[in-house]
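S.K.: Here the protein sequences come in this chain order: A and B.
Each residue of the first sequence is one higher than the one before, starting from 1 at the first, in the numbering used here.
Each residue of the second sequence is one higher than the one before, starting from 1 at the first, in the numbering used here.
It should be emphasised that the hints constitute simulated quantities derived from the structure, not laboratory data.
Hints are supplied without guarantee of correctness; some may be wrong.
[Said to hold, decoys possible] Covered stretches of chain A, as calculated for chain B (at least 3 residues, CB under 8 Å):
1. 77-86
2. 203-211
3. 251-257
Idealized CB from N, CA, C, for every residue including glycine.
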Amino acid sequence: MSSTVEAAAARPAVAGAWLHGVVRDADRAALAAIAGMDGAPVRAVSAAGLVAVVSTAPLDEYGEQPLRRNLEDLAWLERAARAHHEVVAALARRGPVVPARLATVHTDDGRVAESLAARRAELVATLDRLTGRGEWGVKGYLVPGAAAVSAEPAGAGGVGTAYLRRRRAQLTARDEGQQAASAAAEEVHAALCELAVAGRRHAPQDRRLSGAATSMVLNGAYLLDLAVLADFTALVGALADRHPEIKLELTGPWPPYSFVAERPAEPTHTVREPR
Amino acid sequence: MTTSLAPNSADDALAYRPVALVDLLDRVLATGVVISGDLTLAIADVDLVRISLRALVASVGALAPPEDAG
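If we strip away everything but chain B, and leave its shape as in the complex, we get (with noise of 0.2 Å):
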């Protein structure tokens, strides 16, 4: 049962290489700096980036049966 977004491991090389979607977002949308001003359309906004990953996950959980609830 894997996915395109299945993590990918990674030997201790310094090469970047490409990586799993799911590490990469939890790196670029909860953390990074954010430069803000008054017309700065950055997505600080907390409840945009937590309405973009409901639909991550909701996309996701189309292609995979669900979690064992226990």
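Chain A on its own, in the form it takes in the complex (with noise of 0.2 Å):
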């Protein structure tokens, strides 16, 4: 009867905070319904006139060495950054909010709060530049074959000479596909971008991870003023006539998860392809 007390003594349940993101106030009983990370409604953490919203992390499951096995696990990982999403999401619904990168995890919520109070004016300067607006993705999609193909020369020959004919346009043509739709992609993120608050383009998804049927050249993402947004979608569509070469597709809105850090320290390498 006692092992179950003593197992629990052993090992007392340290829980640190996982930061979601930071408000600018928020409503208890709307935290209420938001579930965390492991299903339990997350909390505010308020201090210098913010609200960091967390959820309770055990550190038996979220501190630094249960963290880095558990980045390792793609059933965990998508569960963490899907709970993480839903978390942000539901937060942006209601107001702007600063997002968390995945696993931002403090040992207590005494630290959280440290945080906010250390770097107040940065985040009530970017939740000042998120209110009103979100984030949308465009990603394009090389077409084969779009390009204009090279007529196949005529000529003498044998089979094997053809052959070879007919495998270097091939070989031609693919190299102009692709640079075709290279600058197709640069020419509709640069349209994007004048009617954007910004634009960033993050780097091309590996296709075994997308599951896409050709070659990604454009995984770009704009920070929209709400009120552009039906010119936006139209502009996509008006893009995507202007430009056979590529597929475009809309995705969103977005939490502003691409438009928060104070410098885009490193050109994103999140998905890339393998080399």
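Dock the two chains into a complex; use the hints.
M.R.: Right, here's the structure in full:
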């Protein structure tokens, strides 16, 4: 009978705080309805006139060493990413939010409060910049054979020569197709950036991860004033018509994940093509 | 050759909807604010993120045939 008690006493459940995002203020009742990392409601940690929304994160699962192991586990990673995203998206529906990167764990609420106080000015400026805005994604995929195909040269020659000529023409066409698609991606990105508050390009996704049939030439993220959303959608359609060499796909709305880093430290290489 | 990671396409409504994992990881792993401090266990450690993504690519690579080398 006493063994359970002893086991619990031997391993006290130390709880950290998994940060989802920072908002200006939060209604406690609303937060109670948002499920966090393990299904339990998220909590507010208030400091410096800001509110950090956190999940209680037992350090035996979310501490540094367990986290290293868990991030290697695709099923765990997906569950964590989706749970985190659901919270951030729920906050974004209610107002501006500065989303935290996945797996931002503090050892206790006091540390969260200290972070809020230390970065107050920057967080407030970011919240102001994000108000009334949202993130949309535009991905572009190569459309094989859409670029003008060089006419197959006629001429004398044996079967082997004809094969080589055909093969060379195919390879040339493929290079030309790739170049045309890349150029189209540049133009599309530039045009979208003119309508957006800000735009950036993530690294193209690995086809084995995306399941896409052809290679990705554009993985753009755009911060939009909500007022221009209809124009933006129309522009994506117009650009798709103008550039048959790429297929465009619009995603969103996203919480403004791509527009909160004070400096895009490095180009993002999250899900890149293998070398 | 689709996997559960296949991208969704979205229309233009202002509603949040289920998203493709690969699109989500683009955003939540490499971007987002990092509030760092001495006791913060944030995975701001770039190496760690890269390790986890190698594992991710490997897991998916085991499910799907490798990309055409062309």
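S.K.: Count the residues of the region 203-211 of chain A whose CB lies closer than 8 Å to any CB of chain B, then report whether that count reaches three.
M.R.: holds (count 8)
S.K.: Holds or violated: the region 77-86 of chain A covered by chain B, criterion of 3 or more residues with Cβ-Cβ distance under 8 Å?
M.R.: holds (count 6)
S.K.: Verify this for me: three or more residues of the region 251-257 of chain A with a beta carbon less than 8 Å from a beta carbon of chain B.
M.R.: Result for this restraint: holds, n = 5.
Checked against the numbered hints above, the structure violates none of them.
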